[in-house]
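For reference, the chains in residue letters:
Protein chains: 2
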Amino acid sequence: MADPSTSPPLTRASVAEARKLIEPFVHRTPVISSSSLSELASSPAPAIGEAGTGAEEKGKAKPKLRLWFKCENFQKVGAFKARGAFHAIERLKREPGWLEGGGRERGVVTHSSGNHAQALSLAARTNNIPAYIVMPSISAPPKIAATKGYGANVIFSGSTSVEREAVTAKVIEDTGARLVPPYDHPDIILGQGTLGLEFQEQVETLMAEKAEKGGEKPTKKKGLDAIIAPCGGGGMLSGVALSCEGTGIRVFGAEPSFQGADDAKRGFESGSRITSVKTLTIADGLRTPVGAIPWSVIYDRRLVSAFFSVSESQIKSAMRLAYERLKVVIEPSSAVPLAVALYDEAFRELVEREAGDEGWDVGIVFSGGNVGLDALGALFAEGKE
Amino acid sequence: MADPSTSPPLTRASVAEARKLIEPFVHRTPVISSSSLSELASSPAPAIGEAGTGAEEKGKAKPKLRLWFKCENFQKVGAFKARGAFHAIERLKREPGWLEGGGRERGVVTHSSGNHAQALSLAARTNNIPAYIVMPSISAPPKIAATKGYGANVIFSGSTSVEREAVTAKVIEDTGARLVPPYDHPDIILGQGTLGLEFQEQVETLMAEKAEKGGEKPTKKKGLDAIIAPCGGGGMLSGVALSCEGTGIRVFGAEPSFQGADDAKRGFESGSRITSVKTLTIADGLRTPVGAIPWSVIYDRRLVSAFFSVSESQIKSAMRLAYERLKVVIEPSSAVPLAVALYDEAFRELVEREAGDEGWDVGIVFSGGNVGLDALGALFAEGKE
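If you read the sequences in order, they're chains G and D.
Position 367 of the first sequence, counted from 1, bears residue number 367 in our numbering, the numbering being contiguous throughout.
Position 254 of the second sequence, counted from 1, bears residue number 254 in our numbering, the numbering being contiguous throughout.
FYI, nobody ran anything at the bench for these hints, they're computed from the structure.
It is possible that some hints are incorrect.
Straight-line distance between alpha carbons at most 30 Å, and here's what the computed DSSO-like set of lysine-lysine pairs gives [stated by the list, open to error]:
1) Lys210(G) x Lys213(D)
2) Lys20(G) x Lys170(G)
3) Lys60(G) x Lys222(G)
4) Lys143(G) x Lys64(D)
5) Lys58(G) x Lys143(D)
6) Lys210(G) x Lys148(D)
The model shown is predicted, which means the values in this text are computed figures rather than measured ones.
Just need the whole structure built from these sequences, with the hints factored in.
Shown next as structure tokens:
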């Protein structure tokens with residue numbers, strides 16, 4: 001990873017620069033809408049979930065919501081992580097001395113068993129750079145196979161963070177490879193933020209086309225009123241927040257509530273970042289506590305307006321709707337922002353209050369689609385829900 | 001349904017006319033490609049399936065295949081059936097005397113428990129016409145709910161075809177509603193065929209864009225070499241075949257082999273249409289024998305080049321790849337053409353022989369995406385496959 005001190009400032013303009021760098025390598029993923037899901041979101045929320053959680057009662061708020069979905073599940077490697085990884089490599093290539101010092105031969109390293117591992121592997125292979133991926137030896141075999149499939153050198157470690165970091169340090173010592181962390185770095189944040197810029201433009205275009213088709217004259221500038229993005233380590237949420245700075249588009253973070261996975265929400269409300277979380281939420285991409293640099297954007301600069309959290313049942317229910325109505329495959333983490341829009345009474349009251357009769361156009365980030373059919377089968381097999 | 005004697009002739013030009021009629025009502029669904037699936041299709045087929053079926057051995061053919069997918073799973077009501085239903089209604093509206101004779105008040109009727117029922121219900125509701133749908137009382141509750149959700153009057157019958165037809169006749173007697181059959185009518189065939197025209201244009205555009213991006217000069221006209229479409233009643237396959245007449249694009253039919261579901265293949269090879277099939281293939285949209293009018297296009301006019309059939313395991317394997325690689329939700333029937341491209345040795349040898357080193361661009365029709373997550377869970381729950 002390029003030295004953070006050489007990174008561009010964390011601004012909307014830097015996100016636009018990042019976009020230019022990665023444009024040749026990543027997909028401009030489609031944005032879709034659904035009148036049936038927008039209708040559903042505009043009706044009182046059904047009761048979903050466990051008794052005693054507050055979610056067992058039918059909602060009262062009746063906000064007017066038009067939903068738009070940014071499909072990063074169709075991104076390379078099946079998740080937005082490709083953006084940050086390609087940006088990290090492009091920035092490394094531009095770091096003074098990196099190439100001359102044999103950087104390309106020494107390669108890059110990370111510890112991850114998820115989408116970041118595959119994203120970094122692909123970005124490295126595309127640039128003919130060796131990638132070393134440190135993974136717990138207990139990782140699911142398909143994830144190991146997928147990462148190897150992108151040409152990475154997979155190195156196993158124990159599953160605690162101390163064990164993983166020790167093995168990573170050893171790899172760096174042995175190879176001179178540069179560490180590319182999954183979220184806590186400006187270059188990663190700026191790379192992920194590029195999806196936010198695309199999202200804004202795409203919705204404006206789609207709305208203009210729709211207005212034209214309906215015979216409306218182009219009047220005031222239209223576009224998104226808000227974006228809800230999932231928050232794990234916070235790299236993507238903070239990048240999206242940067243992409244919206246100065247536009248008036250509000251940015252909200254979405255988390256699972258299970259076993260304290262809503263660390264960013266709790267930290268945001270108490271005023272101090274929570275640095276440790278232990279949760280087995282089905283939204284496995286969101287088990288990580290939010291990182292320090294993302295936090296500086298999210299909280300210190302207040303570029304995120306609020307956080308909302310949803311239950312496991314609500315996540316599953318939203319996931320089911322994405323499959324059955326939108327016909328797209330998303331992983332559980334991706335269903336969290338949709339669950340907020342459909343079921344979170346606090347969010348829905350906020351929209352009802354602030355948007356009034358005109359309603360809001362809300363962008364929902366589908367962050368990824370990497371879920372095996374076996375895992376899906378286990379989640380939704382008859383009677384299990 | 002408009003009297004077949006008033007229908008336009010079954011030609012490519014009539015498909016283009018149908019397209020103009022339905023364009024305001026249906027989606028121009030996206031076409032996607034996947035380098036990973038094209039690579040897979042261009043490697044020898046893996047052994048998939050039951051011992052003794054011939055599918056347990058690794059394939060030898062190594063055709064060069066570039067796959068393109070027409071995503072009718074994103075169509076209104078989640079399947080291509082919307083095209084035929086909207087076309088049927090538009091044609092009815094233009095039938096001399098229908099409107100004046102109170103046709104709009106009398107409505108339309110069909111017997112179906114699947115995608116056609118929902119498609120006709122939506123097309124009727126859009127036009128403020130009552131729809132009567134005769135369904136076996138044992139139909140799955142979500143299907144009944146979905147059809148009612150589109151505003152149709154659902155009328156229950158026994159589950160044999162004799163019982164269903166008796167109830168349908170009674171509805172016609174009572175209401176004067178016009179019968180709109182699911183596939184055996186020229187207007188339905190022409191409506192479904194519109195997806196073929198779009199597919200051809202979209203692939204040409206995508207190939208031209210790709211060539212331009214890669215710095216190639218536009219040379220010879222490029223486009224699809226072949227289309228593989230699933231065959232149930234044959235309405236869509238025959239429509240797609242019409243859309244390709246005179247273009248040089250070869251059209252192939254794909255069926256499940258389970259319990260004789262490959263009736264069109266057997267009929268095509270023996271020279272006589274098979275009119276009765278009893279199968280419980282997981283590709284439930286393809287359990288129907290091919291209809292007489294589709295057959296006249298498919299066989300008598302030889303607008304379909306050949307049929308191929310695949311096993312249940314091959315269908316499930318193709319379905320898994322669509323989910324895991326393409327991140328799209330398709331129903332089992334939609335996976336049948338992909339299974340042919342990936343696993344059917346006869347098809348693959350044909351391409352290897354005829355396309356040589358240059359290979360073929362093959363269009364795969366994803367016909368629909370209506371599958372419940374419960375059913376999916378049951379299909380793919382761990383250990384079940």
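Checked hints:
no., hint, result
1, Lys210(G) x Lys213(D), "28 Å, holds"
2, Lys20(G) x Lys170(G), "35 Å, violated"
3, Lys60(G) x Lys222(G), "28 Å, holds"
4, Lys143(G) x Lys64(D), "28 Å, holds"
5, Lys58(G) x Lys143(D), "25 Å, holds"
6, Lys210(G) x Lys148(D), "28 Å, holds"
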